[in-house]
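Chemist: Sequence order for the protein chains is A and B. Take 1287 as the starting number for the first sequence in this note's numbering and just add one per residue. Take 11 as the starting number for the second sequence in this note's numbering and just add one per residue.
Rather than coming from a laboratory, the hints here were simulated on the basis of the structure. There may be inaccurate statements among the hints.
[To be verified] DMTMM-like cross-link-like pairs, simulated, lysine to aspartate or glutamate; straight-line CA separation at most 20 Å:
| no. | chain 1 | residue 1 | chain 2 | residue 2 |
| --- | --- | --- | --- | --- |
| 1 | B | LYS320 | B | ASP342 |
| 2 | B | LYS667 | B | GLU237 |
| 3 | B | LYS118 | B | GLU15 |
| 4 | A | LYS1336 | B | GLU653 |
| 5 | B | LYS118 | B | ASP235 |
| 6 | B | LYS118 | B | GLU253 |
| 7 | A | LYS1340 | B | ASP342 |
| 8 | B | LYS488 | B | GLU567 |
| 9 | B | LYS657 | B | GLU200 |
| 10 | B | LYS99 | B | ASP256 |
| 11 | A | LYS1340 | B | GLU646 |
| 12 | A | LYS1340 | B | GLU653 |
| 13 | B | LYS227 | B | ASP146 |
| 14 | B | LYS114 | B | ASP239 |
| 15 | B | LYS99 | B | GLU253 |
| 16 | B | LYS69 | B | ASP256 |
| 17 | B | LYS663 | B | GLU83 |
| 18 | B | LYS94 | B | ASP256 |
| 19 | B | LYS238 | B | GLU127 |
| 20 | B | LYS320 | B | GLU653 |
| 21 | B | LYS217 | B | GLU338 |
| 22 | A | LYS1336 | B | ASP342 |
| 23 | A | LYS1340 | B | GLU38 |
| 24 | A | LYS1340 | B | GLU658 |
| 25 | A | LYS1336 | B | GLU338 |
| 26 | B | LYS663 | B | GLU38 |
| 27 | A | LYS1336 | B | GLU567 |
| 28 | B | LYS118 | B | GLU237 |
| 29 | B | LYS227 | B | GLU237 |
| 30 | A | LYS1336 | B | GLU658 |
[What the hints assert, rightly or not] A few chain B residues facing chain A, derived, Cβ under 8 Å:
| no. | residue |
| --- | --- |
| 31 | LEU343 |
| 32 | VAL344 |
| 33 | SER566 |
| 34 | GLY570 |
| 35 | THR573 |
| 36 | VAL576 |
| 37 | SER577 |
| 38 | PHE620 |
| 39 | ARG641 |
| 40 | VAL645 |
The beta-carbon is built from N, C-alpha and C at its ideal position, and this holds for glycine as well.
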Amino acid sequence: MKEVKKMDPTQVGLAMIGAGIAIGIAGLGTGVAQGQVGAAAVGATAENPKMFGKGMIMMVLPETIVILGFVVAFLIMNA
Amino acid sequence: MLRPEEMTRAVVVGSIDSLGPTIGCLYELGILHLIDFTEQDEEFKLGQPLATASGSSQKLLKLRSMMRALNIEEHKPSAKIPVKNIEWKLEQALVNLDLNASTKAESKQRIQSLIREKEAEIRALEPIASFDIPLDLYEGYDGLSVFTGTCASDPSAALAARIRGYDLSIAARKADFAIALFVMAEGASEAPKILQEHGFQEAKLPKLQGMPLAIIKKHKADIADLEKDLDRIEKDLENIRHEFADFIVASEEHLSIEVMKAETPLRIATTANSFVIDGWIPTSRAGELQTALNSLCCGLAFVETLPPEKEDEPPVLLKNPKPVKPFEFFIDLVSTPKYDEIDPTLVLFLTFPLFFGFMIGDLGFGLGLAALGAFMRFKLKSFPDLQKLGTIVLAGGIMASIFGLFVFAEAFGVPFHPPEAHPEEHSWESVADIPIHPMLDKMTDIKEMLALSLLAGWVHLTLGFVLGFVNHIHHDRKHAFAKVAWLLILLGLFVEIMYIAGGATWTSGFVNDTVLVWAPHVGADVAGIKLSYAALALIIVGVVGLPLTEGPMALSEVVGLFTNLVSYTRLAALAVGKGAMALAFNTMLFPLIFESHNIGIAIAGVAALFVTQMFFVFFLGALSAGIQAIRLNYVEFFLKFFEGGGKEFSPLKYFRKHSVATK
Chain A
1287 MKEVKKMDPT QVGLAMIGAG IAIGIAGLGT GVAQGQVGAA AVGATAENPK MFGKGMIMMV
1347 LPETIVILGF VVAFLIMNA
Chain B
11 MLRPEEMTRA VVVGSIDSLG PTIGCLYELG ILHLIDFTEQ DEEFKLGQPL ATASGSSQKL
71 LKLRSMMRAL NIEEHKPSAK IPVKNIEWKL EQALVNLDLN ASTKAESKQR IQSLIREKEA
131 EIRALEPIAS FDIPLDLYEG YDGLSVFTGT CASDPSAALA ARIRGYDLSI AARKADFAIA
191 LFVMAEGASE APKILQEHGF QEAKLPKLQG MPLAIIKKHK ADIADLEKDL DRIEKDLENI
251 RHEFADFIVA SEEHLSIEVM KAETPLRIAT TANSFVIDGW IPTSRAGELQ TALNSLCCGL
311 AFVETLPPEK EDEPPVLLKN PKPVKPFEFF IDLVSTPKYD EIDPTLVLFL TFPLFFGFMI
371 GDLGFGLGLA ALGAFMRFKL KSFPDLQKLG TIVLAGGIMA SIFGLFVFAE AFGVPFHPPE
431 AHPEEHSWES VADIPIHPML DKMTDIKEML ALSLLAGWVH LTLGFVLGFV NHIHHDRKHA
491 FAKVAWLLIL LGLFVEIMYI AGGATWTSGF VNDTVLVWAP HVGADVAGIK LSYAALALII
551 VGVVGLPLTE GPMALSEVVG LFTNLVSYTR LAALAVGKGA MALAFNTMLF PLIFESHNIG
611 IAIAGVAALF VTQMFFVFFL GALSAGIQAI RLNYVEFFLK FFEGGGKEFS PLKYFRKHSV
671 ATK
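Next comes chain B alone, as it looks inside the complex:
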């Protein structure tokens, strides 16, 4: 929590003969993050791929082209195949598939392209099909120009008026006119212009002989035959697919892993007789490496571990307890923290559901969201990202239900009890008398909610600066003290806001009497605004401290800090907005349901209520609340301390989905 997994530098050395088994062992163990070797010299050279590399890659290439040909790239095998079976059968299966599948797939492609060709020729011949002119008479003249194609309107009148010495065949079709025009040399320049005026589109005729109609007929018969062939081949391919798809996909996976292993020496240093693998392993598992090497590689390789040095940048493996882990999803969306930086996942785990719950603040919608989250978490096993998101929605939904039940006392936008000022309003009282009364009413206690939001903002931002201070204190004291200056300014702003608010809200009164009780409650009236001396003093000390620590440019961001703080009022704004939206739909539609005394209208009202509640309040509300809750963390909170840019821990490792390793 808060810190990533501690890393230890590990160097594995051994004789070059044991390189293959060592790499295999490292992949099995899956805890070594390899540092790519780049600085070659006289002694150390990049390694050569293992002997199996070229054979495996060739087979892999064949399998992948086969997968494309059989169209099984997305195929999901029903059962896992043991690696031993794959290795036994692979050679034979490849020969078999080469003979059957490859030739069939090729024939299929050839037939398909032939059909396309013939269809294109039919399309080209269709316009002139009704003219009784053999195809070879359309070309090969010295003194005649020939135009074939379609016109949008009938050009015969214009042709008769403007040129002499031509022969026009024309046939009206559904939307246009098919024409074949033969023009003597003197009209050859005028004819295209006339045709253009009538929306002429040329049709290129295929180089064939005979009457167009007869050719079309023959082509159609050919296509029917070809399609029969195609069906037969497709059936054969389907049989092959049925028999081999699982095997091919599993083999592809296995060979990919083999190739990955065989090419690993290209990333490590070797001499004529030995190899050196340099990398990082989690300190907590450092012991496992030597044990595994001893048992799997018969002690042919040795490990030396060293603590990280100052200039090293170890890879980052976030370390969080299981319930917090899904929230790493939000960190992945920004950047991996650096190794010596604080990992803010835990804070996200605490604040995101809290903000989200406050903004939704409704028992009905909260339970709905929790159910949606639970469905994503437990039912969508093949989508890890959606699963993580599901856990987050589940946590947010539970928090929203708690806020809805105890704080706002409402479900589906309908309060448990009508507000005192409007006893005629619809409420759950007509269904059941729930013994919980709201602590806050979304429609009337807006100032109270604003004050609460500002308090949450102050706590959140303060935590951000504290984390920033901790991040910097060990290597950059100046920046660490700048965070203290910012903390003072933030406190000053908060004192000022609470001073202005005074006892206007319960929250500000409470904060003034407890958290800020040390701040003398005296001030002056400047241009109509009450100014607290304590706040002024804090802000001045902070503002003086900033140029000394972060430089004078930092002063321009003081206003930014104020907007950061006020930015948290969106918590109240969204809660009120959502409450108002649900109330508006309920006010419009409840009279239809309860007072129309017409079952048809009542059912329509219920349907409209369901749709509007589901779409506007549930989905759009949840979406905007989610975005705002994460935005407050990303922008207001993260920018106070988070730099990111760490290297993600990616050990030598593989996952088998469709094959099973055998000893």
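So that you can see chain A by itself, here it is in the shape it has in the complex:
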């Protein structure tokens, strides 16, 4: 963090905005995808409770996107 303080505040600000965008938009993408899968999973579980586990696995697959967003944001913040 000491190095960051020496940097141009504009650059630091832009980097923070970049990190925010990286995780924000990735989260949005995950949300859109999970919404659709989740609706189907809830329907399937209502018909057969044994589908809960399988539905959950399907539902969390899009989370990869937000995790990659998190990693990128983390790298930007620490660069």
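Mind docking chain B on chain A? Use the hints.
Modeler: Then chain B, alone, in the frame of chain A:
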């Protein structure tokens, strides 16, 4: 533990005369999982239902219709009734009930439908009640069209302007106008259009004679009489219910069991003189079968046991010690493991409370959850699923309290001591000086918590691949070695992350110095990212191994493994998120409580604090922590080794809730 109960194939044979007693004996014992007989040939045919089947089913049918009629399907008897009593009284009770209950229930239904009919007629007649026209004059004309019903607005002006030769009776009501319109033939096509413009809704008149008002009056009197009858019948039915409900419910249960037993021969092979029952029994109880058959069936049937063959798929009965058993609930939600697969319940028992406890990490909320879990576990005896869930919540709550007490040193989002950087913050110091200081602070040691989460992820995933290796090694070596390749890649990724982290956190420093001390700590700087040679070597070996074992498509999942590992950072994220949420509410509301110097505001502050803490932090926090903790197991962990799709062990067995078997 880790392996399901071992099964032995058992074949029970005997003479056809002893089929009934043998089936009874098997149901009593409750350990034989029957294999349905399907391949009929010249010798072996499917069995015929036992002689008692048809009589019992008929009685059962009668009892069930009686239960519907008396509305006692949900009735819970106060005491159990011995089977002997049921069998003695059943015939007589059925005749008695047939005479009383069935006829009464039928009359009740008839009266109810009659009342509904009359009420509908009253509703239809109400609009025209104020017009002094007998009901039979509303129909039967050649040259006249008749419209009766209601209009949203008054149509008389429009009718006067556009048609001639009509007679309109109209009465304003609360929200609309009731009308009766008689139109000569020439206006018959225009009239409906005008009415439509005024929001006309037709009322179909019942086919009755007399003045509408008089009919309504008579109907109302009839309904009052009918309701009196209904009350009387209802009282009689209530008496019958009081006297017979327990007996009917217990008999229904007993007869269901009898029918189930009597129809079992439809699933087994018989010849003209003998029967063959093929099934699975837990090896540990194999001896009991012959003993039971000898004592209960006077040695009329014989058992032959065989070890399972390779192509057999025995049913799966999970075998876990008592404290671990409730966690089978999570396995049931996904799929039953296969017979030769590892049962991951024990791992869930260890990791779920650990993950859950770390994410909640608060003494106050932990104790609250433990109390909630204990209540569900010990008080909700009639809901087995909730009981299991209660045990799980109890374990999670205890773990959360331990983390809250020793690691995070906080209760209800308030630290035991204020952080060094903010000595003015509220803490439990104002109540008591607790001699425990936090090892981790949720607000400042975020990197440390991330490193800890990644370490937990690496251990968990490694265990997943090891279990996958064990699952495959006996029948599919190639897949087993693929797991080794994955293990190497995972280790490479972990070495790389720890190399980048270096000594930035205590955890990474510790891991580098102990667990990963063998990995040479050298690397290059590639595009601003530090790259460890050891990690690179491990990943390359793994990536080369994958196409050779699992096929080239597996390479596309290498990035997936990285996200799997990073996915565990949710442990830290949720812990920090929950801590921040509790801190935010406390910061907003504590000044109201302690500094307002106004008892009213202070009480409102306490109430708001209670609600926000309870709802946002306690329930939502516990829910999300629970879901994330199980998700890490289902997705990241299970997918490394678990296939599922096993057949659940369901032996010939029955449960008596409302009746007691008598010898």
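Chemist: In ascending order, which of the hints set out earlier in this document are inconsistent with the structure?
Modeler: Violated: hints 1, 2, 3, 9, 17, 21, 23, 27, 33 and 38.
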